[in-house]
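K.L.:
So the chains spell out like this:
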Amino acid sequence: MNHNLVECLKAVKQKTPLVHAITNYVTVNDCANILLAAGASPAMCEAADEVFEFSQIANALYLNLGTLTKEQEMAVYLATRGASLKRTPIILDPVACGAIPRKKATIERLCNFGQFTVIKGNLGEIKALAGIEAKVRGVDSLDEGEDGLEACQKLAREYGCVVSATGKTDIVTDGQRSCLIENGTEMLTRITGAGCMVGALVAGFCGANNDAFLATTAALLTMALAGELAQQTPGGELPGTFRAHLIDQISLINDELIQKRGRVQWL
Amino acid sequence: MNHNLVECLKAVKQKTPLVHAITNYVTVNDCANILLAAGASPAMCEAADEVFEFSQIANALYLNLGTLTKEQEMAVYLATRGASLKRTPIILDPVACGAIPRKKATIERLCNFGQFTVIKGNLGEIKALAGIEAKVRGVDSLDEGEDGLEACQKLAREYGCVVSATGKTDIVTDGQRSCLIENGTEMLTRITGAGCMVGALVAGFCGANNDAFLATTAALLTMALAGELAQQTPGGELPGTFRAHLIDQISLINDELIQKRGRVQWL
Amino acid sequence: MNHNLVECLKAVKQKTPLVHAITNYVTVNDCANILLAAGASPAMCEAADEVFEFSQIANALYLNLGTLTKEQEMAVYLATRGASLKRTPIILDPVACGAIPRKKATIERLCNFGQFTVIKGNLGEIKALAGIEAKVRGVDSLDEGEDGLEACQKLAREYGCVVSATGKTDIVTDGQRSCLIENGTEMLTRITGAGCMVGALVAGFCGANNDAFLATTAALLTMALAGELAQQTPGGELPGTFRAHLIDQISLINDELIQKRGRVQWL
Numbered sequence: 586m587n588h589n590l591v592e593c594l595k596a597v598k599q600k601t602p603l604v605h606a607i608t609n610y611v612t613v614n615d616c617a618n619i620l621l622a623a624g625a626s627p628a629m630c631e632a633a634d635e636v637f638e639f640s641q642i643a644n645a646l647y648l649n650l651g652t653l654t655k656e657q658e659m660a661v662y663l664a665t666r667g668a669s670l671k672r673t674p675i676i677l678d679p680v681a682c683g684a685i686p687r688k689k690a691t692i693e694r695l696c697n698f699g700q701f702t703v704i705k706g707n708l709g710e711i712k713a714l715a716g717i718e719a720k721v722r723g724v725d726s727l728d729e730g731e732d733g734l735e736a737c738q739k740l741a742r743e744y745g746c747v748v749s750a751t752g753k754t755d756i757v758t759d760g761q762r763s764c765l766i767e768n769g770t771e772m773l774t775r776i777t778g779a780g781c782m783v784g785a786l787v788a789g790f791c792g793a794n795n796d797a798f799l800a801t802t803a804a805l806l807t808m809a810l811a812g813e814l815a816q817q818t819p820g821g822e823l824p825g826t827f828r829a830h831l832i833d834q835i836s837l838i839n840d841e842l843i844q845k846r847g848r849v850q851w852l
Numbered sequence: 586m587n588h589n590l591v592e593c594l595k596a597v598k599q600k601t602p603l604v605h606a607i608t609n610y611v612t613v614n615d616c617a618n619i620l621l622a623a624g625a626s627p628a629m630c631e632a633a634d635e636v637f638e639f640s641q642i643a644n645a646l647y648l649n650l651g652t653l654t655k656e657q658e659m660a661v662y663l664a665t666r667g668a669s670l671k672r673t674p675i676i677l678d679p680v681a682c683g684a685i686p687r688k689k690a691t692i693e694r695l696c697n698f699g700q701f702t703v704i705k706g707n708l709g710e711i712k713a714l715a716g717i718e719a720k721v722r723g724v725d726s727l728d729e730g731e732d733g734l735e736a737c738q739k740l741a742r743e744y745g746c747v748v749s750a751t752g753k754t755d756i757v758t759d760g761q762r763s764c765l766i767e768n769g770t771e772m773l774t775r776i777t778g779a780g781c782m783v784g785a786l787v788a789g790f791c792g793a794n795n796d797a798f799l800a801t802t803a804a805l806l807t808m809a810l811a812g813e814l815a816q817q818t819p820g821g822e823l824p825g826t827f828r829a830h831l832i833d834q835i836s837l838i839n840d841e842l843i844q845k846r847g848r849v850q851w852l
Numbered sequence: 586m587n588h589n590l591v592e593c594l595k596a597v598k599q600k601t602p603l604v605h606a607i608t609n610y611v612t613v614n615d616c617a618n619i620l621l622a623a624g625a626s627p628a629m630c631e632a633a634d635e636v637f638e639f640s641q642i643a644n645a646l647y648l649n650l651g652t653l654t655k656e657q658e659m660a661v662y663l664a665t666r667g668a669s670l671k672r673t674p675i676i677l678d679p680v681a682c683g684a685i686p687r688k689k690a691t692i693e694r695l696c697n698f699g700q701f702t703v704i705k706g707n708l709g710e711i712k713a714l715a716g717i718e719a720k721v722r723g724v725d726s727l728d729e730g731e732d733g734l735e736a737c738q739k740l741a742r743e744y745g746c747v748v749s750a751t752g753k754t755d756i757v758t759d760g761q762r763s764c765l766i767e768n769g770t771e772m773l774t775r776i777t778g779a780g781c782m783v784g785a786l787v788a789g790f791c792g793a794n795n796d797a798f799l800a801t802t803a804a805l806l807t808m809a810l811a812g813e814l815a816q817q818t819p820g821g822e823l824p825g826t827f828r829a830h831l832i833d834q835i836s837l838i839n840d841e842l843i844q845k846r847g848r849v850q851w852l
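Protein chains in written order, with the working numbering: chain U, 586 to 852; chain B, 586 to 852; chain F, 586 to 852.
If you're looking for bench data, these hints aren't it; they were derived computationally from the structure. Incorrect hints may have been included.
A pair holds if it fits inside one copy or across any two, identical chains being indistinguishable in the list.
[Said to hold, decoys possible] Calculated lysine-lysine pairs in the DSS-like style (CA-CA distance at most 27 angstroms, straight line):
(1) Lys598 - Lys655
(2) Lys689 - Lys739
(3) Lys595 - Lys739
(4) Lys739 - Lys753
(5) Lys600 - Lys671
Pulled out of the complex, with its shape left as it was, chain U reads as follows (with noise of 0.2 angstroms):
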């Protein structure tokens, strides 16, 4: 099954997909800079008076709801719609969900929109959607729980789409075929960013690839791998120095490594 991950991969560096992104102000920089390490094309565009004609040129459509101005939400709900016209994947990582009600209300609302493709989050926000008790502070999930794979799937049935939760060991599934992918660095949790990052790389696979499930999949192996690369490189283990060479192996992740190195368990 590896080799369809290594096939997702190579579509992003063909496709170079278009990925529309409207993400909080925080790790925007970190997120466009991640995806053209992976071969995919950012556009940042979260205007109200530009998302809905730009939401229907671009392969992907990326919602982070970290800083949800005024104005974000608005553009949410009317690229969500304009991508959904078009049958372009959505993406949704619903940041701070379960510490922040707005955020789920929000979400709530745009399933009257568009439908998600994928649901991107960490455990603590998936369990939060999927209406399970998850243990939150602020934007981080202090939840590492044995029920992370049951909530994913209850959430993935309800909504419709492939689920992802992210964590020590990350879960995907489409309510039918589900993963564990137990590649990864603590490190990754030392820095800003890294579920926003994995988030637009999600968008970046599924743009470039029909198969949300396994786009999903190949996109969060690829983070986690660069993660465990860059955290073997001189001052890895520093998050400055980290940040830096996180990128640098994003754009080094290859058949091989993905081959050689990746641990997925299939279940």
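Please arrange chains B and F on chain U, whose structure you already have, making use of the hints.
P.N.:
Frame of chain U, contents of chains B and F only:
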């Protein structure tokens, strides 16, 4: 007394205080990364519809007025009130209040919503707030006057809070106790956001310590030491490399470095 | 003629021009850091309540329409008027004006508020503004046509300003004088924000020099040389490391490098 500063740093690492930051979009990523590197938990939450509630679950509120959009201005009032109701420490960074009259007007209004715990600026900003003639240019202070301590003490008494002015020598006072920090490096003026980053750190340290005077001093010393050490790394005399290494070094500041290299003059 | 470019660079370092930037939130930090590295003084001021006054104390105004929120649009009109009243150079970066019709409409309106000193875009953007068919995709130009110089000259005459198109070969013209810059590296397309950064540099150079044609050329050459040098550093072929080293190299560009390595073809 350096012993107390060591305790302040330890408390950050043990308590991982949740820092609610409303800050400018230029350096917001650096603020988040430096808080993580120091052991705190940053959450950049500035949507006007979210901040009142969020400010009540955080351990400290960091207000940086650098790029104060209309919605951010609204958020700043709401968050100040929320934090105030929970007696959460509020750290004000009055960026460019000497050059832009609206900043000062906003600060004066803010005083009616809650009580600042710390005001941290460069000397030009502190003087401008204290009503003393200051030399400023855009967001930068051209002031290294010997009347710095006096200005800080005046403002501390006026606002009933800790006041700190950064510069070649950093000044901290609560009106009674005062100190000077003689560590640091000119490299911190060659990157954008050093002032914002140290402001965020002050919030992190105040979120984990009750004595805001000591917490502020410890935060400024941590930044100054990390700057010195980053400058001494390979490439540390160049701004792009220095910036990455600064975050690295923040994560390495410990008891021993504070005890051995800290040059704090208690007045 | 490279001698004149050396003088332009020296002027930036001697005068440390205050650059008022209203720019997109994706690359704003990079723009601030590159201006500091070149010797200028950046101030990112975009609150609609502040910009009219602030634009009147700056030495140059940089307008980048990348993520033009409603408040930023208001700010752009106000700042253009303010800068215009003081005859401060105004540098326009018409990001994505080929892909997003609203950008072009905004620019046409802006012409009624003040006179641009320089328009700097990629070739796709310049052609779109000049009313010539362009190949664009999101924020990127797919155009490397031989009609680039013609398009720039047409636009320069139409707007009565210096026009510059970046690409494999950079083009600068004021309608009369023209030149091509043959330095640079493909690595600049592998990070986000190279276009924005060079736009910010153009503003910095115009803030310190009266001849906008030479100042723009010197800014583009500085960026292209720094890119070449950054690519040659250890790790400089990888995007995360390249990005940090690019800022480093900007701070090292000097007379000698411009004289010896600059490949400017004066037409």
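K.L.:
Determine which of the earlier numbered hints do not hold for this structure and return their numbers in increasing order.
P.N.:
1 and 3
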